[in-house]
Amino acid sequence: MAPILDVRNLQTHFFTKSGVLKAVDGVSFQIGAGEIVGLVGESGSGKSITGFSILGLVDAPGRIVGGEILFKGNDLTKLPATDIQKMRGSRIAMIFQDPMMTLNPVLRIETQMTEAIQTHDSSVSKDEARRRSRDALGMVGISSPDERMRAYPHQFSGGMRQRVSIAIAMLNRPDLIIADEPTTALDVTIQGQVIHEMQQLCRKTKTALLWITHDLAVVAGISSRICVMYAGRIVEQGPNDVLIGSPMHPYTNGLLGSVPSQNLRGQPLQQIEGIVPSLLNLPPGCAFENRCGRALAQCKQSAPEETVMDDQRILRCFNKVEQS
Amino acid sequence: MTAFILRRSLQSILVLFIMSLIVFVGVNLIGDPVDMLINPESDQAEIERVIKELGLDRPVFEQYWYFLVNAFQGDLGKSFVFGEPALKLIVQRMPATFELALFSLSIAVVFGIPLGVYAGLKPDSRVSKTIMAGSILGFSMPTFWVGIILIMFFSVNLGWLPSTGRGDVATVFGITSSIFTLDGLSHIFLPAFNLALFKLSSVIRLARAGTREIILQDYIKFARAKGLSERRVINVHLLKNILIPIVTIIGLEFGSLIAFSTVTETVFAWPGMGKLIIEAIYNLDRPIIVAYLMIIVLIFVTLNLIVDITYSLLDPRVRIKGES
Numbered sequence: 001m002a003p004i005l006d007v008r009n010l011q012t013h014f015f016t017k018s019g020v021l022k023a024v025d026g027v028s029f030q031i032g033a034g035e036i037v038g039l040v041g042e043s044g045s046g047k048s049i050t051g052f053s054i055l056g057l058v059d060a061p062g063r064i065v066g067g068e069i070l071f072k073g074n075d076l077t078k079l080p081a082t083d084i085q086k087m088r089g090s091r092i093a094m095i096f097q098d099p100m101m102t103l104n105p106v107l108r109i110e111t112q113m114t115e116a117i118q119t120h121d122s123s124v125s126k127d128e129a130r131r132r133s134r135d136a137l138g139m140v141g142i143s144s145p146d147e148r149m150r151a152y153p154h155q156f157s158g159g160m161r162q163r164v165s166i167a168i169a170m171l172n173r174p175d176l177i178i179a180d181e182p183t184t185a186l187d188v189t190i191q192g193q194v195i196h197e198m199q200q201l202c203r204k205t206k207t208a209l210l211w212i213t214h215d216l217a218v219v220a221g222i223s224s225r226i227c228v229m230y231a232g233r234i235v236e237q238g239p240n241d242v243l244i245g246s247p248m249h250p251y252t253n254g255l256l257g258s259v260p261s262q263n264l265r266g267q268p269l270q271q272i273e274g275i276v277p278s279l280l281n282l283p284p285g286c287a288f289e290n291r292c293g294r295a296l297a298q299c300k301q302s303a304p305e306e307t308v309m310d311d312q313r314i315l316r317c318f319n320k321v322e323q324s
Numbered sequence: 001m002t003a004f005i006l007r008r009s010l011q012s013i014l015v016l017f018i019m020s021l022i023v024f025v026g027v028n029l030i031g032d033p034v035d036m037l038i039n040p041e042s043d044q045a046e047i048e049r050v051i052k053e054l055g056l057d058r059p060v061f062e063q064y065w066y067f068l069v070n071a072f073q074g075d076l077g078k079s080f081v082f083g084e085p086a087l088k089l090i091v092q093r094m095p096a097t098f099e100l101a102l103f104s105l106s107i108a109v110v111f112g113i114p115l116g117v118y119a120g121l122k123p124d125s126r127v128s129k130t131i132m133a134g135s136i137l138g139f140s141m142p143t144f145w146v147g148i149i150l151i152m153f154f155s156v157n158l159g160w161l162p163s164t165g166r167g168d169v170a171t172v173f174g175i176t177s178s179i180f181t182l183d184g185l186s187h188i189f190l191p192a193f194n195l196a197l198f199k200l201s202s203v204i205r206l207a208r209a210g211t212r213e214i215i216l217q218d219y220i221k222f223a224r225a226k227g228l229s230e231r232r233v234i235n236v237h238l239l240k241n242i243l244i245p246i247v248t249i250i251g252l253e254f255g256s257l258i259a260f261s262t263v264t265e266t267v268f269a270w271p272g273m274g275k276l277i278i279e280a281i282y283n284l285d286r287p288i289i290v291a292y293l294m295i296i297v298l299i300f301v302t303l304n305l306i307v308d309i310t311y312s313l314l315d316p317r318v319r320i321k322g323e324s
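Chains as they are written, first to last, in the numbering used here: chain R, 1 to 324; chain U, 1 to 324.
If we strip away everything but chain R, and leave its shape as in the complex, we get (with noise of 0.2 Å):
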């Protein structure tokens, strides 16, 4: 079956007054039909400008400068500005991270939601976007749907509008949802919630959803398969299982072994030393290499390409970690 989305080769870079930043570079990776894949890096890796850069609202100065992203057969990146305008929130829609800030706080949830219908298809009657709309409130789980369309932002709480932008994006019932970070500024029970609704959702919709977080055990609970991503590059991904049992990569071993466990108790946990280096001034080999334990001559002068493993993982590395 072909995926429905296949990012080949993304380039973002953004052009500061210091320099070319190159958030995202060369990342490739693919999602099926009503597949959950999820990206997870930390802060800064490039994770939130692949998937603005799928919906192709990068602010300047930044700018895709490479690759392919096909959504269904067609590539994103070469669609004139309006085309990819009709795509968001039809086909493609987003959840942000922060709920208190994404819906407009001077708009009724009711306009809010019956303008993302209605922009996309104005044949349909008020009455209708906003009976649409309702349906979808109660969907999310939020009870008395037909009081709560005429309240404001404001009147809800975190999780309650995080449910809102949820319902908001399925409004059309879209192939592929890119969700930002959506638990990550709720309280860890409403994350428990929102996590089990989208799944559910999403497999009831068959909506493929790119789950963005610094949460691998988020991911780990949720998707069939997983991109790890660091300082503009996937450098391990594969199957779920695959990838949670055995990493491969020095660095997903680190966040792995980073994660509090039963198994582990009464154990000090493994921290991954140092920061992430400047995505303006990375060194020529690979972007790991300073902060790594297992790093070699090697890895300081050339960056490691993507290699296909037996086991479906693709990993960039000269000297992956073996399981015992």
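No lab work stands behind these hints, which were simulated from the structure alone.
All of these numbers come straight from a predicted model, not from anything done at the bench.
Backbone N, C-alpha and C define an ideal beta-carbon position, used for all residues, glycine too.
Keep in mind that a hint or two might mislead.
[Claimed, not checked] Computed from the model, here is a short list of chain U residues facing chain R with C-beta under 7 Å:
#1 F222
#2 K226
#3 P316
[To be verified] Residues from chain U that keep clear of chain R, each with C-beta distances beyond 10 Å, as calculated:
#4 V69
#5 M141
#6 F180
#7 Y219
#8 A225
#9 L228
#10 S256
#11 L284
Starting from the known structure of chain R, fit chain U onto it as the hints suggest.
Chain U in isolation, oriented as in the chain R frame:
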């Protein structure tokens, strides 16, 4: 809401009372109107007679008491110079000043908001920089000087527009104004532009600052992610948010437009309240000065109330606070 308006009205009455006290004491300190009013050749008996007639022989607090009693009955005293009720004289001149102020305000809003939003959206373009430089000029050039230059250029050198007076007036829907005739419009344009220049500059700067701030908000990006047209994002999502500070300033500035149109009215010989008050100050015509200042205070108080109400209409978050 009703409680709010009632409370504000009571506060307004208190403000009016205090203001009347200050004004009354103030005008009694700035010289003796008898010297200005009486023919220098009249004898002592004549002078005494006039003083008695005007009630100036009584102690100040008694004069104030009479003033208050009369004011409650809607009588703010008779002009020393014209011998007519001060209120009537001012009300006669009011339409001319109001039309000038309203016309100026319209110029400021109609041109200021689009120019400001444009400058905010494209801060680095040459046009934006020109707009901002122009607004600095508008801020810093003194009104009377600009008025004279406008007359020099458009009336004297080019001969396009008349320099003095109000021109023909016509009555539409019971409102008599010069903006309903072509001749009247040609008369109002220069003084209105002169008066508007300062407000135009502040509206431009406010709109620009608001745009720069709001455009970076997540909810603008989310609106784009919904696939809304750039037009709707700007006209609805952005504009409604930047209007809040602009409405405050416009409302408060409208009062100052009326109060300080004195300079423009003097330069362009516009037959409004401002010109009347300047003449009254020259002649120490106390009742007119007092009545004028009372009316200005009333206008300011009313405008403040209107601004507060509009505010709550624009920003739902304010509405809640007012109700609870």
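Outcome of the hint check:
{"no.": "1", "hint": "F222", "result": "holds (4 Å)"}
{"no.": "2", "hint": "K226", "result": "holds (4 Å)"}
{"no.": "3", "hint": "P316", "result": "holds (4 Å)"}
{"no.": "4", "hint": "V69", "result": "holds (48 Å)"}
{"no.": "5", "hint": "M141", "result": "holds (35 Å)"}
{"no.": "6", "hint": "F180", "result": "holds (36 Å)"}
{"no.": "7", "hint": "Y219", "result": "violated (4 Å)"}
{"no.": "8", "hint": "A225", "result": "violated (4 Å)"}
{"no.": "9", "hint": "L228", "result": "violated (5 Å)"}
{"no.": "10", "hint": "S256", "result": "holds (27 Å)"}
{"no.": "11", "hint": "L284", "result": "holds (51 Å)"}
Comparing the model with each earlier hint shows violations of hints 7, 8 and 9; every other hint is respected.
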